[in-house]
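Listed below are the residues making up each chain.
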Amino acid sequence: MMLFWLIAVPLLGGAACWGSERVLGRGAATLALVVLALETLLFASLPPHAGDGGGWLMQLAWPWIPRFGIGFHLALDGISYLLVALTLLLGFMAVGCSWPEIDRHRGLYYLNVLWTLAGTIGVFLAIDLFLFFFFWEVMLVPMYFLISIWGHENRAYAAMKFFIFTQVSGLLMLIAILALVFCLEHSSGMLSFDYLDLLGQRLDAGTARWIMLGFFVAFTVKLPAVPFHTWLPDAHTQAPTGGSVLLAGVLLKTGAYGLLRFAIPLFPEAAREFAPAAMGLGVVGILYGAKLAFAQTDLKRLIAYTSVSHMGFVLVGAYAFNAYGFQGAVMTMLAHGISAAALFMLAGALQCRLHTRDMGRMGGFWTAAPRFGGVALFFSLAALGLPGLGNFIGEFLVLLGGFRSNIALTAAAALGLVLAPVYSLHVVQRVFHGAAAASLPADLRASELALLAVLMTAAVALGIRPQPFLDLSKPALAGASLIPESRRAAAGAKPEQVGAVGAEGTQGFGGGGRGAVR
Amino acid sequence: MTATALLALLPVIAVAGASVVAMLAIAFRRHGGLAYAVTLLGLALSLALLPLSLSREPVAVTGLLRIDAYALLFGGAAAGAALFVAVLCHAYFRQREREEIYILLLTATLGGMLLAASTHFAMLFLGLEILSVSLFPLIAFRSRHRASLEAGIKYLILSGISSALLLFGIGLVYSATGTLWLAETGSITDPVLLVGTLMVIAGLGFKLSLVPFHMWTPDVYEGAPAPIAAFIATVSKASVFAMLVRLWSSHGAHHDHRLLALLSVIAAASILFGNLLALLQSNLKRMLGYSSVAHMGYALAAFISGSVLETAMLPESVTFYLLAYIVTNLAAFGTVSVLSGTAGECDRFEHYRGLFWKSPGPAIALTASLLSLAGIPLTIGFIGKFYVFATGTDAGLWALLAAVVVGSGIGLYFYLRVIWTLLEPVADEFPAESAGGAAKPALALLVLLVLAGGLFPEPVLKVIREIAKSLT
Chain H
1 MMLFWLIAVP LLGGAACWGS ERVLGRGAAT LALVVLALET LLFASLPPHA GDGGGWLMQL
61 AWPWIPRFGI GFHLALDGIS YLLVALTLLL GFMAVGCSWP EIDRHRGLYY LNVLWTLAGT
121 IGVFLAIDLF LFFFFWEVML VPMYFLISIW GHENRAYAAM KFFIFTQVSG LLMLIAILAL
181 VFCLEHSSGM LSFDYLDLLG QRLDAGTARW IMLGFFVAFT VKLPAVPFHT WLPDAHTQAP
241 TGGSVLLAGV LLKTGAYGLL RFAIPLFPEA AREFAPAAMG LGVVGILYGA KLAFAQTDLK
301 RLIAYTSVSH MGFVLVGAYA FNAYGFQGAV MTMLAHGISA AALFMLAGAL QCRLHTRDMG
361 RMGGFWTAAP RFGGVALFFS LAALGLPGLG NFIGEFLVLL GGFRSNIALT AAAALGLVLA
421 PVYSLHVVQR VFHGAAAASL PADLRASELA LLAVLMTAAV ALGIRPQPFL DLSKPALAGA
481 SLIPESRRAA AGAKPEQVGA VGAEGTQGFG GGGRGAVR
Chain W
1 MTATALLALL PVIAVAGASV VAMLAIAFRR HGGLAYAVTL LGLALSLALL PLSLSREPVA
61 VTGLLRIDAY ALLFGGAAAG AALFVAVLCH AYFRQREREE IYILLLTATL GGMLLAASTH
121 FAMLFLGLEI LSVSLFPLIA FRSRHRASLE AGIKYLILSG ISSALLLFGI GLVYSATGTL
181 WLAETGSITD PVLLVGTLMV IAGLGFKLSL VPFHMWTPDV YEGAPAPIAA FIATVSKASV
241 FAMLVRLWSS HGAHHDHRLL ALLSVIAAAS ILFGNLLALL QSNLKRMLGY SSVAHMGYAL
301 AAFISGSVLE TAMLPESVTF YLLAYIVTNL AAFGTVSVLS GTAGECDRFE HYRGLFWKSP
361 GPAIALTASL LSLAGIPLTI GFIGKFYVFA TGTDAGLWAL LAAVVVGSGI GLYFYLRVIW
421 TLLEPVADEF PAESAGGAAK PALALLVLLV LAGGLFPEPV LKVIREIAKS LT
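Heads up: the protein sequence lines correspond to chains H and W, in order.
Under our numbering, think of the first position of the first sequence as 1, with each following residue one higher.
Under our numbering, think of the first position of the second sequence as 1, with each following residue one higher.
Be careful, since some hints might not be right.
[What the hints assert, rightly or not] Here are some chain W residues the structure puts well away from chain H; computed CB gaps all over 12 Å:
(1) A3
(2) L24
(3) L54
(4) A60
(5) L83
(6) E100
(7) E150
(8) I161
(9) G171
(10) T179
(11) L260
(12) A438
[Said to hold, decoys possible] Below, computed lysine to any residue pairings styled on SDA-like, alpha-carbon distance capped at 20 Å:
(13) W:K358 <-> H:V23
(14) H:K291 <-> H:M359
(15) W:K469 <-> H:I65
The set of hints was computed from the structure by calculation and includes no laboratory data.
A virtual CB, placed ideally from N, CA and C, is assigned to each residue, including glycine.
Next up, chain H with everything else stripped away, as it sits in the complex:
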């Protein structure tokens, strides 16, 4: 029941925001924050540790469409717990940073923000494949409205492209889901869309390969991986800041989540066979995204391409097929969610002040806006993978895992760590150093700084104390038989090693001021 409310609260709250638009005016944002606070309270009351085996923290199963064996089946495990937490955190950010920017149809705006959050939380919780698909598609609609109503100059094109890319690839996934379900029906006579029923089904190799590809395409479009990434720069650039934060921080993660939850566990053999190709795509994404990022003059477009690059690491990690890779992919998802959201907030704040995203018209901002510069530098460093911050842990684990399964590709992926500083520092130099531009921005306000400080704290926490996060995702990965559950096996030895990594990171950061959290 709690899980149901987790989805229902933002839905109802969003409707309330719109309904009270006339009365509240600017207060709609406050109402949205209240709704989010309520949601967070609800979330905080969930148990973060599994009581019983299987890695599921909580489940909810209601019959929905028995005709097709479809249930309203929600479940929470470590990975979804972390991702829902990320969604809520970024939900606050999206509402907070929209406060000054959105000046028309406020109630409707927050309705769309909250409904996007509800859809995403639904995606992370649903483990009935039909329900998953349902949320997967439903979350597009409010996002489409966010881009097409409050977006920038080329919003019609961007919104359309975003919707069509995701929807058409989603249809391929629907066909794959149906094929999988009918395979089960033909072999066992049971018609069910339930993940737990479909998991562990024996498929013949050819069928599994095709079905797996259907899932893979849908998830890599969302991730996005080259060559399906072209919707992303447009959508991110044209979306309002809040929309970009949600897109980069949360919506991209649904693709990665789908890979970890469905594409790999449902078809272990086919996925393993496909791993070199997937890792190859990831490497191409890392390098190509980095190269394109370097070539951009539009600030938001640049950040969008860095997302392509970083999500490439997730793909490499997910298809490395060992505990390091999977854990690294999860960590990268969380860390990138935070750093990309922060960078988009900064870019949005700049655009709000200067009415441009063109870096050619920026320069020398540090003196006028030192806090701005400092925060931007912090998140640029986070994005380039500075030890001590979350991104480093994720990317390091990915490379560690990748190295064990494919040395050549991992070596190529590691080049991404060289390219990331190039574009990250390039941005900081272009925008904050050099000759002062004609118009200078005002410095960050206290409210903006407060929001960004929360994200900074989160990035540091992920960087110097990753163990609790790894502990949370581990049983979930084991539950999906992605990593062996036995303590004696390779993964069993892992916590200590990972702990060592965390310690190293702490030293690298220069002292580790934060003590043990637990």
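Given chain H, work out where chain W should sit, using these hints.
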């Protein structure tokens, strides 16, 4: 005719009776409102009598009709849709309301109800003609508008041709099999039977506006008054398709691979051409016309997959798809109708610019119906699309599914473009006159149906499944 047969036939009789009463009422007093009231009463009575007939089904009436749950479902859908269309007509023709509209609407509904129940080629033809002949004057009802008259003439001529084709086909089938009952013919070896069947398919293809028989559709949709366009798009198409399913399952033609291959080509062509041509439109009614070509293609895809599977999936998936299609298109055309009047139709895209900010109610109705047409979850159209995908995947017809995916992708573009237009800043070039009366609440009810059907389809699925099982 037995008493049971009469009782079972009551919903049909109610509609026929209402048209007679309306006609007689004219003799005493010419009043549009009176005919409207009689129509509403007649259709409501027909709907109210459904449970009574359901308790008697299945009943064979005179050998021409078979009143079973399937026929009653489509009959009920036709009556319900006609009820909605009557409400729309009342609002649309508010300045110059004429009794004829309602009488013709009733007879057209009668034709649709008979079609879904027919088990004999004679009844099939009669039902089709009652439906089509009633539609000619309805389409041309805005007699001061050239487009409306043109549409009426076009429909008259093309419908005549298609009826001739159908009749010729029926003749050939009769000469080959020696019976006019829709009976199992087994595998088609006789070339005369094959040609006859092909001609029947072509004749029905016209009514369903499947490619390459779709040419009339956009012009007729554009020219016809909006409520009548709603009727043509829904009742006329769904009843013909419902009859096709009955014909097909009793005829046994689904054993024939050549026919299935031909139908697959027709379905794929309808999906692709319908969607592609819809892309080029700047008139909402024309766009919906082409989109209905594509939707008949989707329904035909489910039909073909169901035939390959040879289970109750065929009637089940097609029936659900058609119901979803009726509800969605009624909502879409209903919105156009609510915003239009005899003075001028609100059908060009620019009329809809900023509608969402000006009058959110109709804009939300249009958005919901367009999303449903596009097959986005939360809407009934998605469950319909789901059926198409489910049957297609189960039957393993990958090429056909590829056409559906490509078509849906293209379709998304033009549906979203309209939604985008609704969201643009307000332009005041066309003061949207919106209808009063019951039209808006009725539209709201339909939108609720679109959403409820998408969220809680199970009760409907259960009913349809039972019916589908009894049909095969």
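Structure-based check of each hint:
Against the 12 Å criterion, A3 (chain W) stays outside the reach of chain H, whose nearest CB is about 36 Å from its own CB. Once the 12 Å rule is applied to beta carbons, L24 (chain W) is consistent with being away from chain H; the minimum gap is 46 Å. With a least beta-carbon separation of about 21 Å from chain H, L54 (chain W) lies farther than 12 Å from that chain, consistent with its non-interface assignment. With a minimum CB-CB distance of about 30 Å to chain H, A60 (chain W) clears the 12 Å threshold, and the non-interface call stands.
Every CB of chain H is more than 12 Å from the CB of L83 (chain W) (nearest about 28 Å), matching its label as outside the interface. Every Cβ of chain H is farther than 12 Å from the Cβ of E100 (chain W); the closest lies at roughly 42 Å, confirming the non-interface assignment. At roughly 34 Å from the closest C-beta of chain H, the C-beta of E150 (chain W) stays outside 12 Å, upholding its exclusion from the interface. A cut-off of 12 Å between C-beta atoms confirms that I161 (chain W) is not in contact with chain H; the least separation is 37 Å.
G171 (chain W), annotated as away from the interface, keeps every beta carbon of chain H farther than 12 Å; the closest lies near 42 Å. For T179 (chain W), the condition that its CB be more than 12 Å from all CB atoms of chain H holds, with the nearest at approximately 37 Å. Distance check for L260 (chain W) against chain H: the nearest CB is about 20 Å away, which clears 12 Å, and the non-interface claim stands. For A438 (chain W), the shortest C-beta to C-beta distance to chain H comes to about 25 Å, beyond the 12 Å cut-off, and the non-interface label holds.
Taking the CA atoms of K358 (chain W) and V23 (chain H), the gap is near 18 Å; set against the 20 Å cutoff, the hint holds. The hinted pair formed by K291 (chain H) and M359 (chain H) meets the criterion: a straight-line CA distance of about 17 Å does not exceed 20 Å. Annotation: proposed proximity of K469 (chain W) to I65 (chain H) holds, straight-line Cα distance about 18 Å (limit 20 Å).
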